[in-house]
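*Asks:* All chains, full assembly: derive it from the sequences and hints.
Listed here are the chains, written in short residue letters.
Number of protein chains: 4
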Amino acid sequence: MTVRVGVLGYRFMGKAHANAMARLPMFFPDAPDVERHVLVGRDEDALADAADRLGFENTATDWRDVVEEVDAFYNLGPNHVHVEPSVAALKAGTPVLCEKPLANDLDGAERMADAAEDAGVPTATAFNYRFVPAIRYAKNLIEDGALGEIRHFRGRYLQDWLADPEAPWSWRNSAEMAGSGALGDLGAHTIDLARFLVGDVERVSGHLRTFVDERPVEGDEDGAERGEIETRPVTVDDAYSAQAELEGGTMATFEASRFSTGHKNDHTIEIQGSEGSLKFSLERLNELEVLRKGNRGYETILVTEADDPYVEHWWPPGHVLGWEHTFVHENYEFLSAVDGAASETGRGGGETADGSGDYHPNFEDGLAVQRVLSAIQESDERGEWVEVA
Amino acid sequence: MTVRVGVLGYRFMGKAHANAMARLPMFFPDAPDVERHVLVGRDEDALADAADRLGFENTATDWRDVVEEVDAFYNLGPNHVHVEPSVAALKAGTPVLCEKPLANDLDGAERMADAAEDAGVPTATAFNYRFVPAIRYAKNLIEDGALGEIRHFRGRYLQDWLADPEAPWSWRNSAEMAGSGALGDLGAHTIDLARFLVGDVERVSGHLRTFVDERPVEGDEDGAERGEIETRPVTVDDAYSAQAELEGGTMATFEASRFSTGHKNDHTIEIQGSEGSLKFSLERLNELEVLRKGNRGYETILVTEADDPYVEHWWPPGHVLGWEHTFVHENYEFLSAVDGAASETGRGGGETADGSGDYHPNFEDGLAVQRVLSAIQESDERGEWVEVA
Amino acid sequence: MTVRVGVLGYRFMGKAHANAMARLPMFFPDAPDVERHVLVGRDEDALADAADRLGFENTATDWRDVVEEVDAFYNLGPNHVHVEPSVAALKAGTPVLCEKPLANDLDGAERMADAAEDAGVPTATAFNYRFVPAIRYAKNLIEDGALGEIRHFRGRYLQDWLADPEAPWSWRNSAEMAGSGALGDLGAHTIDLARFLVGDVERVSGHLRTFVDERPVEGDEDGAERGEIETRPVTVDDAYSAQAELEGGTMATFEASRFSTGHKNDHTIEIQGSEGSLKFSLERLNELEVLRKGNRGYETILVTEADDPYVEHWWPPGHVLGWEHTFVHENYEFLSAVDGAASETGRGGGETADGSGDYHPNFEDGLAVQRVLSAIQESDERGEWVEVA
Amino acid sequence: MTVRVGVLGYRFMGKAHANAMARLPMFFPDAPDVERHVLVGRDEDALADAADRLGFENTATDWRDVVEEVDAFYNLGPNHVHVEPSVAALKAGTPVLCEKPLANDLDGAERMADAAEDAGVPTATAFNYRFVPAIRYAKNLIEDGALGEIRHFRGRYLQDWLADPEAPWSWRNSAEMAGSGALGDLGAHTIDLARFLVGDVERVSGHLRTFVDERPVEGDEDGAERGEIETRPVTVDDAYSAQAELEGGTMATFEASRFSTGHKNDHTIEIQGSEGSLKFSLERLNELEVLRKGNRGYETILVTEADDPYVEHWWPPGHVLGWEHTFVHENYEFLSAVDGAASETGRGGGETADGSGDYHPNFEDGLAVQRVLSAIQESDERGEWVEVA
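Quick mapping for you: the protein sequence lines, in order, are chains A, G, D and S. FYI, the UniProt record's numbering numbers position 161 of the first sequence as 161, with every residue one higher than the one before it. FYI, the UniProt record's numbering numbers position 111 of the second sequence as 111, with every residue one higher than the one before it. FYI, the UniProt record's numbering numbers position 195 of the third sequence as 195, with every residue one higher than the one before it. FYI, the UniProt record's numbering numbers position 133 of the fourth sequence as 133, with every residue one higher than the one before it.
Hint data in this document are derived by calculation from the structure and do not stem from the laboratory. Backbone N, C-alpha and C define an ideal beta-carbon position, used for all residues, glycine too. Among these hints, one or two may not hold up.
[Stated by the list, open to error] Below, computed lysine-lysine pairings styled on BS3-like, alpha-carbon distance capped at 27 Å: (1) Lys-293/D <-> Lys-293/G; (2) Lys-139/D <-> Lys-293/G; (3) Lys-279/A <-> Lys-279/D; (4) Lys-279/G <-> Lys-279/S; (5) Lys-279/G <-> Lys-293/D.
[Said to hold, decoys possible] Examples of chain A residues toward chain G, derived with CB under 8 Å: (6) Phe-196; (7) His-207; (8) Gln-243; (9) Ser-257; (10) Ser-260; (11) Gln-272; (12) Ser-274; (13) Gly-294; (14) Gly-297; (15) Gly-383.
*Replies:* Written as structure tokens, this is what we have:
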């Protein structure tokens with residue numbers, strides 16, 4: 001079967017996923033055939049241009065026309081439009097991949113996860129960093145017990161694009177449109193990796209901060225001329241930190257900021273266990289630092305050998321991959337699950353009893369992360385520890 | 001004047017300070033003359049041996065005989081013996097240097113700080129990492145505004161000597177003798193650097209954990225033979241984390257552990273401001289990573305130039321210093337303050353009105369740190385944020 | 001015009017260039033339209049399979065049938081088949097991209113460069129590392145004088161795939177098929193970067209070594225059974241080093257090895273000038289370490305900002321690129337030159353008077369590198385310094 | 001016995017060795033008692049001041065008065081005064097430690113080594129980097145075969161104190177006084193480590209360069225006023241590189257420069273063997289990067305464990321040492337050998353038959369290095385490879 005994909009959103013994430021789909025035939029020949037069937041957006045001119053560049057057959061300005069007709073629906077829009085189209089697609093029995101965080105709030109995420117369960121089709125929350133070869137390698141090490149009992153998990157995600165108080169307002173600064181700030185945008189990735197590599201988050205103590213309360217509206221040139229630049233309020237966090245306890249007794253700390261001057265996309269993970277430790281940094285994503293039992297120091301492993309996860313599809317040892325490759329792996333896995341589910345049951349089947357396939361991270365994983373995000377926000381408001389639901 | 005120093009404690013810290021005093025004449029010719037006058041301990045044989053090796057003229061088994069007769073008293077014993085001898089020395093008008101943390105609990109620290117204030121002589125809490133040239137360099141950068149408004153402070157101090165559950169029990173595992181575990185032993189350093197570099201800690205949320213509840217008593221060979229090894233309870237934290245707000249609005253996270261497999265003495269500080277950022281690691285203490293305004297990335301500065309703090313006393317550029325040099329700088333500053341205070345007023349005078357000199361970190365600084373330690377413990381118990389007194 | 005490309009070779013390099021061409025429309029919309037027209041090889045089954053996977057319209061088993069009919073000919077075969085097809089293509093007026101080193105020996109390279117000059121069409125020697133954004137950034141720094149007068153150039157390219165004496169024989173071990181070993185395969189890249197970044201190589205002293213004289217033939221299972229594994233002689237260098245003087249007085253050292261245990265694709269460049277210095281490592285190709293005037297240490301620049309070379313075509317800051325992206329940039333530049341040349345003159349025109357366009361590194365650059373390779377070999381044989389022709 | 005030491009030279013090296021001797025009693029209690037007996041120099045005022053600061057009992061302005069009366073003679077003067085006093089001391093049966101390189105030229109070094117052999121007392125060439133714990137650890141690894149057959153040795157020693165053409169002239173710029181420049185001053189260390197860790201140097205190809213031909217005389221203020229600053233010619237190399245073959249077939253490259261902008265005391269060693277590899281950097285001298293068999297990447301070993309070479313004398317794990325500690329270890333070993341030799345035979349005895357003890361690196365080692373220095377210079381002059389005598 002050819003999987004016809006409909007994609008809502010044609011900017012950063014649209015490009016990342018379109019590229020990923022385009023690269024499957026050459027590098028993952030056992031992936032299903034994929035047709036970039038329809039690109040959905042509101043601005044018709046920009047949309048036509050993007051569809052042409054990104055290789056889509058058709059365009060549409062209303063996702064309602066799309067969610068039923070495609071074999072998979074990608075929801076890559078801002079957070080506040082995650083719920084309605086995703087639920088609609090699932091009600092139509094269409095598998096859905098949705099960007100992270102799953103929703104603006106816990107209620108939205110629950111509706112999406114419920115719809116996924118009802119539909120019994122594959123879903124994906126787009127935590128692409130699970131698909132970094134070095135992260136998969138780390139996962140294997142941990143599952144093999146190479147690190148022993150996990151004592152500490154530390155995850156930090158640092159950026160600096162808001163460090164300048166004059167950086168313009170965007171939807172990412174709005175609670176209504178984004179749900180939260182650094183917490184949902186960056187922290188969601190960290191929390192997903194904590195769950196993936198170690199286990200569920202059981203209780204949290206959170207700390208949110210907004211350093212700059214309002215920001216100029218971009219392009220308000222009239223206002224600039226009059227010296228009355230329009231501003232809009234920042235209603236989300238610029239940075240968050242959290243302390244947590246994970247399943248099995250691991251002590252965890254999380255942190256993210258958009259005010260970390262000099263850090264561009266600096267997502268680091270550190271894990272320390274009774275038998276060994278590891279460190280990962282997204283800006284050096286081909287490397288994993290591992291302290292193995294019997295060694296004394298961290299070993300810098302270049303995760304580019306043929307038998308490392310996903311690597312045989314690409315290049316010889318030492319020929320490094322980039323950030324975008326995580327999307328190729330993610331699309332490969334998700335679209336294979338969609339194809340497998342469809343094959344088994346006609347439409348809507350899958351490898352597992354309920355037809356949802358075994359793809360992870362799915363909407364249930366997205367909901368689990370949302371529960372932690374929500375608990376961190378609640379903890380910050382109440383000034384005390386909060387159990388994760 | 002020759003400063004005659006009496007030292008309580010002849011193990012790790014005794015050696016570090018004795019070495020520091022011994023090195024002053026060759027490298028800091030303007031330091032006062034110092035006599036390692038008397039070494040205090042209980043085990044007479046071990047004491048005599050240590051005094052010989054460490055260059056002390058005399059020994060004593062009771063600190064009560066010592067605190068009055070010396071020009072400076074160094075209290076390097078376990079935490080639970082910090083209060084009484086230090087207060088007695090101060091009552092006798094003798095300047096005191098005390099190892100960190102200042103006391104087992106807030107009450108003890110307050111008594112010590114009160115005694116210091118009454119005495120009006122120089123005191124020191126031995127936060128030696130203030131005397132790393134790279135940390136002084138960082139301090140100067142921050143004071144010059146090179147980092148702008150400080151947004152983030154992160155401090156972590158990781159060791160692994162308790163990661164093995166069979167590692168033997170010591171006084172450092174006892175609440176009665178040590179007050180706290182990783183928090184007081186390691187966290188005190190981090191919190192002092194936060195205060196030194198950024199500002200006071202205003203409120204905290206803490207998290208303490210004990211991973212291993214009891215440990216074998218070392219050398220219980222009879223028990224080992226019978227298969228009944230004696231154990232003692234671990235009544236302090238093996239690891240802590242904390243979130244905090246600092247004076248001026250800085251968001252801070254602190255963390256320390258004795259279970260961080262592969263980390264030996266890994267104290268790292270990261271600071272991010274509106275104009276620049278910096279990173280420091282104790283295991284590479286000659287280096288400071290600085291992001292300056294106008295640069296794009298962190299610059300690895302080797303803080304070994306002649307005009308870097310303290311460096312002209314030592315070696316040419318690139319000839320790196322070690323951990324112990326921090327004690328030499330600390331002793332130089334403290335003993336100079338002691339000498340200065342004595343010169344002005346006979347005994348007990350100083351550069352400032354009250355004769356305490358301007359030496360920092362003094363007992364007031366030690367008390368300020370103790371307040372944070374105490375608040376972190378209280379926050380952990382209550383499960384909520386706590387204002388620092 | 002649509003540029004129809006014929007490609008000889010469908011393994012490692014075939015995949016790298018096919019991928020590069022496939023990605024142009026989405027990321028470099030101003031690139032010419034490119035058709036992967038025909039894939040050339042000898043094994044028809046493998047060829048058909050590769051053509052399907054790599055997106056070629058047609059296949060051919062004889063390059064003679066191809067070189068005239070295409071708009072650009074890519075010669076990605078082993079070194080010993082570089083000359084004849086390339087010269088034939090050029091005689092037919094077809095632009096040629098040829099993998100490095102240009103030829104087995106100086107004579108072959110001269111014939112190719114002569115043919116290129118006669119043809120007056122764009123040619124490329126595939127030194128793809130000129131197209132790493134960080135290398136371009138370095139080039140700009142040097143041209144702007146930021147490093148002052150260049151005193152030192154150091155280039156090393158370390159791999160370890162032959163460290164095991166039982167690693168099987170391949171064409172890369174044969175002087176007849178490869179010309180040289182580490183020198184031509186790896187050193188050619190280093191020497192090209194020396195020329196690109198600093199200037200021509202004027203004289204050299206070379207040192208070649210073969211550590212293992214013969215290697216087993218892969219797949220000789222009969223022999224293995226009889227305990228008589230067939231071996232073939234290694235007639236090229238396993239490693240080389242060289243000292244050199246570059247144009248303008250720069251002192252240079254080059255080195256490469258296939259016996260550097262633990263190093264996979266470790267190409268490092270270091271340049272030190274009177275005003276500043278820089279360091280680059282291929283395994284961390286998104287980074288450049290720069291010592292600028294006015295700074296004290298190396299600054300780790302993540303070359304992923306929108307205004308860094310080629311970066312705006314890809315992803316936001318901190319979203320790192322991989323090894324393969326260098327081929328996309330190289331194909332973009334070369335195919336644009338091919339298109340430009342064709343547009344101006346019908347077939348065979350270009351931006352420059354002679355229609356060759358201004359694309360670099362071209363065959364002349366490939367020849368210049370070959371002269372250095374040849375001089376290093378000659379120097380090693382004669383045991384003395386050799387002037388580069 | 002108390003070893004009475006006479007020291008010629010009271011600047012940088014005088015301070016380094018005096019400090020080393022002063023620290024022995026506290027840290028190496030089994031070292032012999034050492035008396036800093038007499039300090040030798042020409043400027044009486046400066047000498048008296050230095051003797052006071054460095055802890056010497058006496059001063060002398062003529063080394064002839066000293067070499068007989070002391071139990072060990074330290075020759076820390078400029079290279080051109082190494083031969084005569086050292087030979088005189090040896091003729092008097094006095095053990096000698098001499099700074100590196102052993103002499104200005106091969107002839108001088110041979111005279112010194114001959115005198116050492118005749119005297120049969122311990123001698124030392126002060127290659128202090130053999131006494132870095134990490135280098136000893138590396139030595140042990142190599143001797144245990146952990147790296148297999150050594151294929152590559154690379155050593156580079158980079159400084160930048162002459163990068164500025166206006167940096168003043170000193171004796172180190174004079175062939176008459178220093179013998180050579182970067183080659184003898186820095187390269188001697190590298191070559192000694194090659195011999196220590198791998199084996200003798202058998203043949204070399206050298207390259208020397210002087211970038212700046214003359215330099216201003218420091219303190220010529222009259223000249224500066226008249227605009228006629230006096231200059232002196234630079235008659236030594238500013239930088240050198242060399243290729244070499246070591247005993248056993250190792251391929252080696254050496255390099256040093258005083259023009260490496262941004263590098264202060266950057267001595268790096270890399271060794272690659274058939275089973276493993278290692279890397280060392282003097283500016284991070286507590287660390288050793290080791291690729292062990294069975295691992296995939298370099299492991300960063302902090303060489304600060306109690307059972308690492310020399311470490312148990314100092315501090316707990318992770319409490320790093322500095323550059324100066326190498327001198328303490330060197331003095332400990334040399335003075336113990338002096339003491340041992342004297343004990344056995346009255347004066348002039350030793351552990352070995354000829355009474356020279358087994359101390360290394362001795363004058364024979366210094367001569368072996370000098371042979372390589374000399375061969376590199378000769379090779380540069382002749383433009384061809386030179387066998388080391």
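*Asks:* Against this structure, judge whether each hint is valid.
*Replies:* Hints and how they fare:
1. Lys-293/D <-> Lys-293/G: Holds: Lys-293/D and Lys-293/G sit about 14 Å apart, inside 27 Å.
2. Lys-139/D <-> Lys-293/G: Holds, because 23 Å separates the two Cα atoms, which is no more than 27 Å.
3. Lys-279/A <-> Lys-279/D: Answer holds: Lys-279/A to Lys-279/D is near 24 Å, not above 27 Å.
4. Lys-279/G <-> Lys-279/S: Given pair Lys-279/G, Lys-279/S holds - Cα atoms ~24 Å apart, limit 27 Å.
5. Lys-279/G <-> Lys-293/D: holds (22 Å)
6. Phe-196: violated (21 Å)
7. His-207: Holds, because the Cβ-Cβ distance from His-207/A to chain G comes to roughly 4 Å (cut-off 8 Å).
8. Gln-243: With a minimum Cβ separation of about 4 Å from chain G (threshold 8 Å), the hint on Gln-243/A holds.
9. Ser-257: Holds. Min distance 6 Å.
10. Ser-260: holds (5 Å)
11. Gln-272: With a minimum Cβ separation of about 5 Å from chain G (threshold 8 Å), the hint on Gln-272/A holds.
12. Ser-274: holds (6 Å)
13. Gly-294: violated (12 Å)
14. Gly-297: Constraint on Gly-297/A satisfied, holds at 7 Å.
15. Gly-383: holds (4 Å)
In summary, the numbered hints that this structure violates are 6 and 13.
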